[in-house]
Amino acid sequence: MAAIFPIQPPAASTIAGGVDQLYYFLTGITLFFTVLIFSIIFYFMIKYRRRSPDEIPPETHAPLALELAWTLIPSAICVVIFFWASYLYVRNSRPPASSTEIFVIGKQWMWHIQHPEGPREINELHVPVNQPIQVTMTSQDVIHGFYIPAFRIKKDVLPGRYTSIWFEADKVGTYHLYCTEYCGTNHSHMIGWVYVMSQSDYAAWLAGGEQNESMSKAGEHLFSVLGCSGCHVAGGDGPPLAGMYGQSQKFADGSTHVVDDTLIRQAIIQPDSVQLPNYKNVMPTFKGQLDEEQMLQLIAYVKSLGPEERKNGQ
Amino acid sequence: MSTATLDLPPAVPAESRVTYLNATYGIKSWLLTKDHKRIGLLYLATITIMFMFGGLAAFFMRLHLIEPQGALVEPETYNKLFTIHGIIMVFFFLVPSIPATLGNFCIPLMIGARDVAFPKLNLLSWYVFVTGCLLALVAIFSGGVDTGWTFYTPYSSTYSHTAVTWMAMGIFIAGFSSILTGLNFVVTIHKMRAPGMTWFRLPLFIWAMYATSIIFILGTPVIAITLFLLALERTLHVGIFDPALGGDPLLFQHMFWFYSHPAVYIMILPGMGVVSELITAFSRKKIFGYSFVAFSSIAIAVISFIVWGHHMFVTGQSIYAGLIFSVLSFLVAIPSAVKVFNWTATLYKGSISYDAPMLYALGFIGLFTMGGLTGLFLASLATDVHLNGTYFVVAHFHYIMVGGAVMAYLGGIHFWWPKITGRMYPDLWARIAAALIFLGFNLTFFPQFVMGYMGMPRRYAVYPAEFQVLNVLSSAGASILAVGYAIPLIYLFWSMRYGPIAPQNPWGAKGLEWEAAPTPPPTENFDVMPVVTEDAYNYQPLKGAHHSV
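Protein sequences, first through last, are from chains X and L. Everything in the first sequence is counted per my numbering, starting at 1 for the first residue and increasing by one. Everything in the second sequence is counted per my numbering, starting at 1 for the first residue and increasing by one.
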């Protein structure tokens, strides 16, 4: 029965249990009030049915206490739900420090996935179990939505900026990956599979697949091919980038921002918008010359220069 | 409600009196009418045609989804079907449904006025609306639109190769009809109430229409300008929303939902107003907690403008924005809950009849309760992350918009049908249709809650096989729903010619439109202008004077 008429999706991440508990609590509240209202309506319908065409019922009065009760009790329930849901959400929003990274590029109509160690995949995502993984995502064209129901996670994938999400799979298995933001003709074909593997299987998979150079290595290569390395050196026309990632930086217009993925992307596409003090505005734009994958590789390279180094990024 | 109504005239067949229907004849007398009642009927005809287009699209969608790989059409066509369904139903049916038909017809009658404040403007609104409809139909028949009714950029602005600009212009123009109607209603309700019709003697339908009109006036310009900017980006490549042109795709969503969330309340508030009328009339009771029900409409209208961000919890919006929009979304749930409790309590010790409009009203309360409560899942941040973009959302808003708004619309149409046409419809058929709609609706949309929690995304032309059973159930329900909608269409048409002549007040209901105006009313609405001396829904003191005819 459960096979042809399933009512619960598989739960395979560390946050799924918490989300499900809240879901069941909400389902309970919904059932309780729905049954309550339906029962009262049916009871009144029968008990107070019109018995003669001329019947005029007695007047009743609305006591203020009753009005206050059914204003305040639902309010109190809502406060409880709000805090519960928000607590889970805030907790689920922050990736653990031990997270490794995976990069996702959405394009009409496929998921392009890039592991920092080098392997690339299309519409398949291999991940190790019991390892928190942060997914950094962008889109090459329209808005997509990255959704793994078994993990209870979802985030839109936007062109021109990076969004991120994290999960820790806790059950080996194969799970659906969907696009949930309508993206055109073959939106419903923009689906794939997530393979959660044991740590050893995953290591074997990494070693056995195509052997690409790591993302930061590829980025380093691009960095020199594109001529970036000519200026971004000590004493050059551009600032040296070592140690910059993840740090607060003061800009020529007086603003201060943390150097993150989105900011590096902006610096490559629109260099004059993130001008540093003491440097001249001489960098040309690379807009239209790099695809999203190369962009991510350059970012991975800058990131690998520290200081906020990640385990896999090198 | 007024002293002038204590002795009701006997039921006079419409044919022997001058009424708004037979005062003048000919197509021109309708197309150039300034009578709010005739304009209401012009709207009724227009939105019924639009409803059939939207319904047909839904019918083909549900047929297609019987099989996981898609039974009927290519994905491209399926995308156009759900887009057309959404756009037609939201902008060209639900938004104008109750306000433009029942609102136009009833507001002057219910407040004791001879017409709305600006009758010519009222006729103009209809022409503007028809122009919008025609543009939308041009867009549909010149290849359709495949963006979804939400028009998210940059897909709609840069990538879609369909008639997006035409459709956007159609909605843009139809929006002005909403604005003009809202303006007309606000002025009418402020300035044209009969002597003695104080604000707190107004029927609750009027409060609901007032709240709706405020949203019309404040919200509609935002969607108009949003779609205008979209058309500008499509045609002239001005960078507003597409990042490739230097725009911001999320800006579109903020602007779109700033209107489109309040628009949900444009669709449901009038329904709440209708249900307040029906529940009181068919239980012969004063509404329980009049001022709570009245002010909850205003509270909903105000709060509805500051909850739009709950559509964007998973777009990468900041955590803090998410928290604020979440708490505000819970806040808007409270006045809705208050209304449900008050309607239910109104039944207490009432004299409850099971006439068809009452069945719709009771169905509304049940389905709206479910729609509202499932909204809590989506206002809650942690569960919304999982459910956003899935069929759970589809089910939730159909419980509100179809289970709520359409049920109330049909209930209101049945309730005021004798007043509008001077004829009764066949009661048994009406009850059968109401029951079929209730059953068909639940069978269609309840399985979609389960599908959504299981993870099935919306707007999928093909889907994994494990969702087939639920989809077939849903499609089966849709076929029952289709029959349920077809039946009233047939017998209401039939009744216009063959239905029994309606007495002035067939339900024994309170309200100027029943007690003071003949059925159907003359063009000027009242033979003697009414004076109001009592609160709304005061069934008590009229005991004995209440002729059930």
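Simulated from the structure, these hints should not be mistaken for laboratory data. Even glycine gets a Cβ: it sits at the ideal position worked out from N, Cα and C. Worth double-checking, as some hints may not be accurate.
To be verified - Incomplete in silico selection of chain X near chain L, CB under 10 Å:
1) Thr34
2) Pro74
3) Ile77
4) Phe82
5) Trp84
6) Asp141
7) Arg161
8) Glu181
9) Val274
10) Leu276
11) Asn278
12) Phe286
13) Leu290
### Message
Please check whether Phe286/X passes as an interface residue: C-beta within 10 Å of a C-beta belonging to chain L.
### Response
violated, 14 Å
### Message
Holds or violated: the hint that Pro74/X contacts chain L, with Cβ atoms closer than 10 Å.
### Response
holds, 4 Å
### Query
Given Arg161/X was flagged as interface, is its beta-carbon under 10 Å from a beta-carbon of chain L?
holds, 7 Å
### Task
Please verify that hint: Ile77/X, Cβ, nearest Cβ of chain L, below 10 Å or not.
holds, 9 Å
### Query
Would the hint on Asn278/X stand, with a C-beta cut-off of 10 Å toward chain L?
With a minimum Cβ separation of about 27 Å from chain L (threshold 10 Å), the hint on Asn278/X is violated.
### Task
So, Thr34/X near chain L? Judge it on the closest CB pair being under 10 Å.
holds, 5 Å
### Query
Given Trp84/X was flagged as interface, is its beta-carbon under 10 Å from a beta-carbon of chain L?
Holds, because the Cβ-Cβ distance from Trp84/X to chain L comes to roughly 8 Å (cut-off 10 Å).
### Task
Let me know if the C-beta of Glu181/X comes in closer than 10 Å to any C-beta of chain L, holds or violated.
Hint holds; Glu181/X Cβ to chain L Cβ min 6 Å, cut 10 Å.
### Proposed interface contact between Asp141/X and chain L, which counts if any beta carbon pair is under 10 Å
holds, 6 Å
### Query
Does the CB of Phe82/X sit less than 10 Å away from some CB of chain L?
holds, 5 Å
### Query
Given Leu276/X was flagged as interface, is its beta-carbon under 10 Å from a beta-carbon of chain L?
Nearest chain L Cβ about 22 Å off; hint violated.
### Message
Just to be careful: measuring from the Cβ of Leu290/X to every Cβ in chain L, is the smallest value less than 10 Å?
### Response
Result: violated, 13 Å to nearest chain L Cβ.
In summary, the numbered hints that this structure violates are 9, 10, 11, 12 and 13.
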